[in-house]
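Engineer: Spelled out, the chains give:
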Amino acid sequence: MNLMLIQTIINGFLVSSVYLIVTLGLSLVLSIMRIVNFAHGEFVMIGAYITYWFYTLFKINPYISLFLCFIILFIIGLFVYKVGINKILDEPSLNQVLLTFGFSILFQNLALILWTANAYSLPLKSNPIKLGTIFLSRERLNIFIIGLIITLLINYILNHTNFGKTLLAISQNKKAALLVGINVTNYYLLSFGIASGLAGLAGGLVSFVMYASPFIGVKLGLRAFTIIVLAGLGNINMTIVASLILGLSEAMISIYLPQGSGWAEGLSFLLILSVLAIKPSGIKGLRTE
Amino acid sequence: MNKRTLTYIWLLTFILLFLIPTVLKNLYIIYLMNGVMIYISLTLAFSILAKTGQVSIGQAAFFGAGAYAAAIVNKYIGFNPLLEFIFAAFICLIFSLIIGSITLRLKGIYFSIATLSFAQTLLVIANMERKILGGATGISVRPFFNNNIYYNYYFSIILCLVILIASYIINNLKLGYASVVIRNDERLARSIGINPVKYKILAFLISAVLTGIIGSYYIHYVTFIIPDEIFSTNISVSILAMAIFGGINTVEGPFLGAFILKIIEELLRLNIKYGHLIIYGLILIISILYIPEGIINVKYFSLKKKRRQ
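Order-wise, the sequence lines are chains Z and P. So the number in my numbering is just where the residue sits in the first sequence, counting from 1, plus 2. So the number in my numbering is just where the residue sits in the second sequence, counting from 1, plus 760.
Extracted from the complex, chain Z is given alone in its bound form (with noise of 0.2 Å):
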């Protein structure tokens, strides 16, 4: 097989998992809450920020800053939360949308006025690991074995401990939930704390392999959408499954097609078109009502 095919399939491999995490946690929010979080690619984005800043001004390893990617964004979360999300759960869909579209617009223009448009990239500068004639970069494993730990942890805490069985009660039914005496708000603050800091993270691990801008926020967010639009909902294979095609398409169309890495980008509105014009009832979970 031709080197550069392979070479190809594996780096569309490993950054599948970068998406595979972004998708976590909007995924979490949306078979949770019903809400789309449009801001969710911009947690994304600050995550990124994060790690970038304290290692430029601090110092301090990127591997390190992922945590503290996890806590600020998991204290940021609960402020969106509070602040706004919480007052529109029960109003018509709209307005959520508008809600946290409106979110997103705020957080992208903060960091254009903080930062400007530049793009910043991390100096990390590690040789990359030779197999025979196939290089890895070193980054990109770390990020797809980071992206691994956290796929499995999820799907542990959601299948394997009360809290995610708790979590999975309120999804299938609040009000079953809440006659059964489960504080639906608390879970309800809490699960959008973890997806904004799952959000975080992926933004962190994003900074290894790309760079920190304001509208990676857009370009990830969209793409997330794309994988719960191909997976559907509350099914962590069907999310890994296509999170590796999207991966591995955009891969293969940057490097095969004339000036694919531009191309790769409309990709994501072809899938999401033509996946709802297949299944026109909608993907499980997100029904016509």
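Please note: incorrect hints may appear among the correct ones.
As the list claims (entries may be wrong) - The calculated lysine-lysine pairs, modelled on DSS-like cross-linking and capped at a C-alpha distance of 25 Å, are: (1) LYS221/Z <-> LYS934/P; (2) LYS281/Z <-> LYS867/P; (3) LYS221/Z <-> LYS1033/P; (4) LYS177/Z <-> LYS167/Z; (5) LYS891/P <-> LYS835/P; (6) LYS763/P <-> LYS934/P; (7) LYS84/Z <-> LYS167/Z; (8) LYS867/P <-> LYS176/Z; (9) LYS958/P <-> LYS281/Z; (10) LYS177/Z <-> LYS867/P; (11) LYS934/P <-> LYS867/P; (12) LYS177/Z <-> LYS89/Z; (13) LYS89/Z <-> LYS867/P.
What the hints assert, rightly or not - Example chain Z residues on the side facing chain P (calculated, C-beta under 7 Å, incomplete): (14) VAL38; (15) LYS89; (16) SER95; (17) LEU96; (18) THR118; (19) SER256; (20) LEU259; (21) LEU278; (22) ALA279.
Stated by the list, open to error - FRET-style restraints, in silico, Cβ to Cβ: (23) PHE984/P <-> LYS167/Z: 56 to 62 Å; (24) ILE952/P <-> ILE147/Z: 53 to 59 Å; (25) LEU787/P <-> TYR213/Z: 37 to 43 Å; (26) LEU1027/P <-> LEU80/Z: 31 to 37 Å; (27) LYS891/P <-> ILE131/Z: 38 to 44 Å; (28) GLU889/P <-> ASN185/Z: 32 to 38 Å; (29) LEU787/P <-> ARG140/Z: 20 to 26 Å; (30) THR983/P <-> LYS177/Z: 56 to 62 Å; (31) ILE147/Z <-> GLU1053/P: 36 to 42 Å.
I should point out that these hints are in silico values taken from the structure, not numbers from a laboratory. C-beta: ideal position from N, C-alpha, C; glycine also.
For this one, chain Z is given, so just place chain P on it according to the hints.
Structural biologist: Relative to chain Z, chain P alone:
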């Protein structure tokens, strides 16, 4: 406020708008007001769709598509405003028909995601395609009225007036009443024989076509397309915020919202180099949380009281 007073207010408003160039000889203000009129038109066009409860967060897609349609006609066939408008309308009709018929049957959120992603996609295509669309450098277009800002301004006012009247007419047609019912309760709409999908698609088509036509006029005003500007998220965002801030369930609301916010944006733009659009994020959040019906429905503006909803 009754119908007659409202008519007088509109007459007065438009007379004042027409008089601005003769009273104020300040070129900067004319340019600013031209921008305001264009944004009012865009916001009114957006509101036709928003009345059904659907949010398109990629209106820039149709604005840009219209602009490119006009530029292509201008490039290959020659300067022909009528043909350009028709072609722009046609392109936007096709695009909105495809997106609408696929996503408007589903929950509103799919539509929002699809429109957002559509705008991003068109931006990529416009930046990449060199032969026809000119790539990142764009296409230049012959200006209307020899680039005379006064005539451009008058044309903008007339365009705005046409869309305003169209909005009132639509409000009094079945589409207008159906939109209100669909936004409030889709199940109710179905039970009284309104087909929500049909009216949502219809509203989307009208809104997209009008936005496209505005885009094809706009490109003759700026005379040059830059893909990153014409498909910018900023356009979609500002239209959204203007409509919501004003109050989408009226016609007066979006007009007022666009008028106020565009001027505020301009003042901010002069003072903040990057990120002056933060105002739209704030306005969206505050509007949704505290004045979801828009400023037009705040007590001082008792316009809505006697209007049928």
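Engineer: The structure should be examined with respect to each hint, and the outcome stated for every one.
Structural biologist: A quick look at each hint next to the structure:
no., hint, in the structure
1, LYS221/Z <-> LYS934/P, "violated (39 Å)"
2, LYS281/Z <-> LYS867/P, "holds (13 Å)"
3, LYS221/Z <-> LYS1033/P, "holds (23 Å)"
4, LYS177/Z <-> LYS167/Z, "holds (16 Å)"
5, LYS891/P <-> LYS835/P, "holds (12 Å)"
6, LYS763/P <-> LYS934/P, "holds (19 Å)"
7, LYS84/Z <-> LYS167/Z, "holds (24 Å)"
8, LYS867/P <-> LYS176/Z, "holds (20 Å)"
9, LYS958/P <-> LYS281/Z, "holds (19 Å)"
10, LYS177/Z <-> LYS867/P, "holds (22 Å)"
11, LYS934/P <-> LYS867/P, "holds (23 Å)"
12, LYS177/Z <-> LYS89/Z, "holds (18 Å)"
13, LYS89/Z <-> LYS867/P, "holds (21 Å)"
14, VAL38, "holds (5 Å)"
15, LYS89, "holds (6 Å)"
16, SER95, "holds (5 Å)"
17, LEU96, "holds (5 Å)"
18, THR118, "holds (5 Å)"
19, SER256, "violated (12 Å)"
20, LEU259, "violated (10 Å)"
21, LEU278, "holds (5 Å)"
22, ALA279, "holds (5 Å)"
23, PHE984/P <-> LYS167/Z: 56 to 62 Å, "holds (59 Å)"
24, ILE952/P <-> ILE147/Z: 53 to 59 Å, "holds (58 Å)"
25, LEU787/P <-> TYR213/Z: 37 to 43 Å, "holds (41 Å)"
26, LEU1027/P <-> LEU80/Z: 31 to 37 Å, "holds (34 Å)"
27, LYS891/P <-> ILE131/Z: 38 to 44 Å, "holds (42 Å)"
28, GLU889/P <-> ASN185/Z: 32 to 38 Å, "violated (54 Å)"
29, LEU787/P <-> ARG140/Z: 20 to 26 Å, "violated (59 Å)"
30, THR983/P <-> LYS177/Z: 56 to 62 Å, "holds (59 Å)"
31, ILE147/Z <-> GLU1053/P: 36 to 42 Å, "violated (51 Å)"
When the structure is compared with the earlier hints, violations turn up for hints 1, 19, 20, 28, 29, 31 and for no others.
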